[in-house]
Amino acid sequence: MTRRIAPEDLHALALGASILGAGGGGDPYIGRMMAEKSLRTYGPVSVLDVDDVPEGASVIAVSGVGAPTVFHEKIPSGREPAAAVRRLAAHIGVRAFAVCPAELGGVNSMVPLVAAAELGVPVVDADGMGRAFPGVFMETFHIYGLPGTPACFANEHGDLVLLDRLRDNYAYEWLARGVTTRFGGHAFVADYPMSGRDLRRTAIRGTLRLALDIGRSLLAAQAGHRDPALAIGAAAERGGYGRGLRLFTGKVVDVLRRTTDGFARGAITIQGSGEDQGSALRIDFQNENLLAVRDGRPICMVPDLVCVLDAVNGLPIPTERLRYGYRVTVLGIPVPAIMRTPEALGVWGPRAFGYDLDYHPLSEI
Amino acid sequence: MRYRLGVDVGNTNTDCVLLDSDGRLMAKVKRSVTADISASIREAVGAVLALAGVPPADIGYAMLGTTQVTNAILERRRLARVGLLRIGAPATEAVDPLADWPEDLRRVVLRRAHTVRGGHEYDGRPISPLDEDAIRRFVETARDDISSLAVVSVFSPVRHEHELWVRQLVQSIDPELPVSLSHEIGSVGFLERESATVLNAAVAQAARRAALAFQEALGAAGIEARSYLSQNDGTLMSVEYGLRYPIRTVACGPTNSMRGAAFLSGVDDAVVVDIGGTSTDIGALRGGYPLESAAAVEFGGMRTNFRMPDLVSLGLGGGSRVRAGPEGVRIGPDSVGYELERTAQVFGGDTLTLTDIAVRRGVCSIGTRQAAVGAELADAAYDAFIKAVADGVERMRLTPDPLPLILVGGASVLLPDRIGDSPQVIRPEHFDVANAVGAALAEVSGHSDRVYSLAGRGREQVLAQAVAAAEADAIRAGADPDGLEVREVDELPIAYLPGDSIRVRAVVAGRLRREGP
Chain A
1 MTRRIAPEDL HALALGASIL GAGGGGDPYI GRMMAEKSLR TYGPVSVLDV
51 DDVPEGASVI AVSGVGAPTV FHEKIPSGRE PAAAVRRLAA HIGVRAFAVC
101 PAELGGVNSM VPLVAAAELG VPVVDADGMG RAFPGVFMET FHIYGLPGTP
151 ACFANEHGDL VLLDRLRDNY AYEWLARGVT TRFGGHAFVA DYPMSGRDLR
201 RTAIRGTLRL ALDIGRSLLA AQAGHRDPAL AIGAAAERGG YGRGLRLFTG
251 KVVDVLRRTT DGFARGAITI QGSGEDQGSA LRIDFQNENL LAVRDGRPIC
301 MVPDLVCVLD AVNGLPIPTE RLRYGYRVTV LGIPVPAIMR TPEALGVWGP
351 RAFGYDLDYH PLSEI
Chain L
1001 MRYRLGVDVG NTNTDCVLLD SDGRLMAKVK RSVTADISAS IREAVGAVLA
1051 LAGVPPADIG YAMLGTTQVT NAILERRRLA RVGLLRIGAP ATEAVDPLAD
1101 WPEDLRRVVL RRAHTVRGGH EYDGRPISPL DEDAIRRFVE TARDDISSLA
1151 VVSVFSPVRH EHELWVRQLV QSIDPELPVS LSHEIGSVGF LERESATVLN
1201 AAVAQAARRA ALAFQEALGA AGIEARSYLS QNDGTLMSVE YGLRYPIRTV
1251 ACGPTNSMRG AAFLSGVDDA VVVDIGGTST DIGALRGGYP LESAAAVEFG
1301 GMRTNFRMPD LVSLGLGGGS RVRAGPEGVR IGPDSVGYEL ERTAQVFGGD
1351 TLTLTDIAVR RGVCSIGTRQ AAVGAELADA AYDAFIKAVA DGVERMRLTP
1401 DPLPLILVGG ASVLLPDRIG DSPQVIRPEH FDVANAVGAA LAEVSGHSDR
1451 VYSLAGRGRE QVLAQAVAAA EADAIRAGAD PDGLEVREVD ELPIAYLPGD
1501 SIRVRAVVAG RLRREGP
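Line by line, the protein sequences give chains A and L.
Residue 94 in my numbering sits at position 94 of the first sequence; the count goes up by one each step and never skips.
Each position in the second sequence, counted from 1, maps to that position plus 1000 in my numbering.
Check before you lean on any hint, since a few could be wrong.
What the hints assert, rightly or not - Computed cross-link-like contacts, EDC-like style, restricted to lysine to aspartate or glutamate with a CA-CA straight-line distance of at most 20 angstroms: (1) 1387(L) with 1327(L); (2) 1387(L) with 173(A); (3) 251(A) with 1401(L); (4) 251(A) with 1421(L).
Just so you know, the hints here were simulated from the structure itself, not pulled from any lab data.
Computed from a predicted structure; not experimentally measured.
Hey, can you work out the whole structure from these sequences and the hints?
Below you can see the structure in the form of structure tokens.
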């Protein structure tokens, strides 16, 4: 079992995080380059099980928020994540025992490593989304009753903005967007300060090692000429999710896209081949893939993961890169129970994204 | 009578064609590339003039497409010593310059790198004031160490004044030092644009060498024509302009073949398969031009974002070796290349190549004898080859409507007359020199790819500004200002950005400027 994350683990971690991103979450490329520099400068980061965090210890979540376009152009200074955590801990008057990923899907898998390396603290093997989502309240931390604030935002200048005592996490989301905009469209944030006790109750466990295991399994399958989708599905099950199922194989024949209110919305249609010959699968997305509909019947829906993989090499394909002609395998991965409770579905079930659909877990469809 | 001369210097052959003013092909030759590229161009040019019986003075325009710049990068030869100036601190410090480059290439290319304060936010506000003193110190101390300078400022596709300031400064300190500014090379995406800009700075000498060889060869042949370089999108730029943006030539090989394919077949919307001795490039033509890739492009192991045609490249060609293994038949990626006529079994050699397989299957007749290969292996290899090509063709189709297929390149005779569900397979005359023909097609283009804020102005105004920037670029590249046509204006909304920022990509094209004032 991985006890430390070193630069050579980052490739596999980024791959696994992209798969957990379910088409969104941002390209981990620059995040990975940042983490690589941090780990080389400060040394490897140790990984801690949720149960190894003392009940009274302080844990702080850390992530990047805002427009990926800005992040890809205005590369950070690298000091933002640690600065945000440090200031938030000082504000509360605690010492951060460890940092916790807020979102393991996509680029935010890397940000906690950047913070942990500089601060010299461990990173917790857990997160609050279990995948990628577009809002700061879309966290199990929020769902199970933790306030997101006090929260501290940092930019490359070392400017720090504290949001404190906001009435709820929706107000937090609203103000976070404003701060991020004035920071130039992207910011780093330390939030959801919590005790080890809160962490045990609210966090989705094991997702950091899960991402690492998924990435490694995919790479090993490629090297050994084995089926990557099968390897990813099995790794998901080992990591506490359900076994990933191949939902569909075929060719992308239509991509519909529009950008509204900062969201990349749209749908892709895949024409089946092989055993799916004669069928069609439609995938709806809003940044992330949310719903897979086979011949008019929904077969996999948010929060379960709908992952679109290159049919040949098994690499995840982000929604913005999908286009006509791509041959793909669609994999569905059931999420763990903590992400499927009525409270959780109220925040990120199909209805929360505007679909007139009750959630049916992948395993029951 | 004004003739046009098209020259393509590839890895194995130098091809040369002569077109008359109506675009008719008058003569074509193929010569092996030698170490002295000027000599091989001279020989090819001399041969084509003799063949056509055209006096050198009647050549009005001469165009060169070459892989020399590409090879300089891939082989790490003749690369400039580059100084990199990053503008944006304290932003950008999280990732070291060229951190994702192959280490050997970074060591050869990058001599000095420095990050200074300056740069802009997405909406055009400055991140910090430009640190002019630090830049002056850097240029003054680095200039003896470097032979080319690359400048990359944060959000320069939105505001490029900090990069322009550096160019002016260098002109006052060391006017001989070539300066590559990132906003002239790539679009939004800092690390990719930085890589592209440093590559542009690095290939300055290699490009100059190829251009000089070309002009020398023309001079020796008594040709006093205007000379041009082919660029990645299939249009031309004057040699003088091209030497400032040599990175724009790295993908001209496949592009020229595709443009040539469109011209020779008279079909403007199609999928083109260009198959040579070592590799196959498959791309889509829209309106006679290759479709460009919108996403970051891998080039020589680096992520860059300069404009490139969207291609599927396969390591399959006429010289690809064919082997039977425990896991089935394997084709390539190694090739016998220009030694095909010595080593392939159909020529009496002992290496089994894709050409041998195609001959055995009766697709074409090449060489003097049959290859010693069983029908089963030949069928398996050929089927694998056709499947790979058909899958590539499928990938490059943008709509479900089947497009015609144009086959070009010396080894295209290996392909059958039916591939996948393409309704029509076209084999144009002179398919073997489509690349040189593509180089000789005389059109100049101009481009602009920037981010604009819509605050305080209308969308129409922004689009007009983008087109004007592209037109200015075309005129600098050697286009006739009269009759410029807008070929493409794309609006790309930027996700998650508050306010109304749009990225506008404009392309215009026009005729070559006539000589004289």
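Here is what the structure says about each hint:
At most 20 angstroms may separate the alpha-carbon atoms for a hinted pair to count; residue 1387(L) and residue 1327(L) meet this at roughly 17 angstroms. Restraint check for residue 1387(L) and residue 173(A): the C-alpha separation of about 51 angstroms exceeds 20 angstroms, so the hint is violated. Distance restraint check for residue 251(A) and residue 1401(L): the Cα-Cα separation of roughly 14 angstroms lies within the 20 angstroms cut-off, and the hinted pair is therefore satisfied. Proposed proximity of residue 251(A) and residue 1421(L) is supported: the alpha carbons are some 15 angstroms apart, at most 20 angstroms.
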